[in-house]
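Below, each chain spelled out in residue letters.
Number of protein chains: 2
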Amino acid sequence: MINTMISIAIDAMGGDFGPDPIVNGVIDALKTKEFHAVLVGDIQKIKPLIPDNYKKFITFVESTEVFSMGESATNVLKRKDSSIFKAIELVKNGECKAVVSAGHSGATMSLATLRIGRLKSVARPAIATLMPTSIGKKTLVLDVGANVDCKAEHLFQFAVMGEAYSKQIMKIQNPKVGLLSNGEEDCKGNEVTKDAFLMMSKLDSFVGNVEGHQIFDGSVDVIICDGFVGNILLKTSEGVANAIKKIIKENVKKSPFALLGAVLMKGIFKNLKTQIDYDEYGGAPLLGVKECVIISHGKSSPKAVKNAIFQALKFAGSDINKTIEDELSHFAR
Amino acid sequence: MINTMISIAIDAMGGDFGPDPIVNGVIDALKTKEFHAVLVGDIQKIKPLIPDNYKKFITFVESTEVFSMGESATNVLKRKDSSIFKAIELVKNGECKAVVSAGHSGATMSLATLRIGRLKSVARPAIATLMPTSIGKKTLVLDVGANVDCKAEHLFQFAVMGEAYSKQIMKIQNPKVGLLSNGEEDCKGNEVTKDAFLMMSKLDSFVGNVEGHQIFDGSVDVIICDGFVGNILLKTSEGVANAIKKIIKENVKKSPFALLGAVLMKGIFKNLKTQIDYDEYGGAPLLGVKECVIISHGKSSPKAVKNAIFQALKFAGSDINKTIEDELSHFAR
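Top line first, the protein sequences correspond to chains A and B.
No gaps in the numbering here: position 279 of the first sequence is 279 in full-length UniProt numbering, and each next residue is one more.
No gaps in the numbering here: position 302 of the second sequence is 302 in full-length UniProt numbering, and each next residue is one more.
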């Protein structure tokens, strides 16, 4: 039976909290969808975590070495026995259709690029992430960390990849793709984004420059930036949300009325958490490599791992990589 | 009496809502502090807004022309009769020690740079803004919009100016200055920030790279970035805060318990608004020009205008510009 299912390689060891949340996420995913999970890690530690009735969906690949978060990504090619290296090899060798890793994201990215390889015409793979909006839908933002110094053509390629992802994975028929800039007007931007603006104008989906607040208002579907800006906007957003939470919490402590109010509003705050918590979105796809690579946060909860696996299943069952290659070769002509 | 007071030029016309909030802000400021307000604008419209007992602190300069928000900043030199041009000239001619403008910020900046002039050794003036944190204190961030493409030496100069502002105006004895980057580690950054990191290392106040969330946690006092990134982080922050507000509001509507809770928490939300509302901080000083120029938001409330005037009074009564010149010439040696 396993042979007819999509196989997903999962680095069971690389996360900040060891194999527990990862294995639990895999089990939770299996409760909803059938797939073949290939868990890479210390079998002695992982196997006991799996209930008997799920064992038929899981195979194991032994790896007792973990590529730790403190190591430099550049060393990962030498660490052939690490769980992340072996998980990536399963995809490279065609044994799995996708890999999910909550381990060292730089190492995952390097291995994906160097061992699995880039798509034809893609100069730089990019990490894409889903951001919450006030209207329920999500905004795809890329790049959020893979490439700190980008040229205009890299941003253009990100736009093509983001457009393909929103169409094929998010199922948005006519996505709106915006270029993050310091103003909506066409004339705004720095040297690189001004050039990128001109190149992106060839795309039907391109709606022009967008501003930072548009990430959260749902006015566009895909937002393009370089990895330096992408990292800063992710962390800035987290910082604002945390600061608001902290201010509310500390003020509530000072007043019994407010405390009662907060209790009555508990459901709302929980809802809010679900809507804005980045962990809820699972993982970030690395777009532009030949197979499906989903990078999850090191602190991923079982729910995040489960959602990352769902993303991987959707990706692996789609034609997105062919679309990206076709589009880019169309524009290269 | 007026002769012994600090004179502040105020563009009474340039804001989005006309002279009313600006004049009201001036009156509110005069309730707390004595200064000489020089209101530039349509005297017929402004004069009736002023209560008799404040008239002795105010003089008027006639200007019926407004440089509108829709105009290109590059045209402002030709608009010698506009209120913003005349307000800047009052500072240039030495009649006033500072100018506060809620008008076209690009035009204000251009005029300040071209008519008042840059400080010795400053290549690019920068707009600095105060951001709220979860621990009550504020973080100074610059540049937030004046310079989209920056070289490392520009960022270094921003650091020197930010350090001086935090010491002399914010009265922080040993400020911590951080460089906004895509990670805390020294090796992180793009090409420009990596070079800027090395240059900033000469400053005692420099604490290294900081991440986006540190804007809001109060861990540093000054954060340096280019104007492209600065604009994006300002608008991203606003976007997150607005999205959270909107999500809470819409969910509250659906539940009578939550609605009651929200009523009980009203004071907290008001507090939060005060703590995170950018308008409460008054204006953004343009650092690196020879006099004091405070740029306020076009939608400034009277409170924002009042606070902008307080900032101008502090600035005009300080030695900050001399400190900036001395520091920069020290490092140029």
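Check each hint, because a few of them may be wrong.
Since copy identity is lost for identical chains, a pair holds within one copy or between any two.
Derived pair list, reagent style PhoX-like, types lysine-lysine, alpha-carbon separation capped at 25 Å [stated by the list, open to error]:
id, residue 1, residue 2
1, K151, K245
2, K246, K80
3, K120, K253
4, K138, K167
5, K270, K92
6, K176, K246
The hints are simulated quantities; they were obtained by calculation from the structure and are not laboratory data.
(message) As a check of your reading, is K151 near K245 (CA-CA no more than 25 Å) within one copy, between copies, both or neither?
(response) neither (37 Å within a copy, 36 Å between copies)
(request) Give the relationship of K138 and K167 under a CA distance limit of 25 Å: within one copy only, between copies only, both, or neither. (result) Result: close within a single copy only, 13 Å intra versus 42 Å inter.
(message) One pair to classify: K246 and K80, alpha carbons no more than 25 Å apart. Within, between, both, or neither?
(response) Neither, since 43 Å and 49 Å both go past 25 Å.
(request) Can you give me the call for K270 and K92, within, between, both or neither, at a CA distance of at most 25 Å? (result) Neither: 41 Å inside a chain and 55 Å across chains, both beyond 25 Å.
(message) Within, between, both or neither: how does the pair K176, K246 come out at a Cα-Cα threshold of 25 Å?
(response) Close across copies (23 Å), not inside one copy (35 Å); limit 25 Å.
(message) Within, between, both or neither: how does the pair K120, K253 come out at a Cα-Cα threshold of 25 Å?
(response) neither (57 Å within a copy, 51 Å between copies)
When held up to the earlier numbered hints, the structure conflicts with 1, 2, 3 and 5 and fits the remainder.
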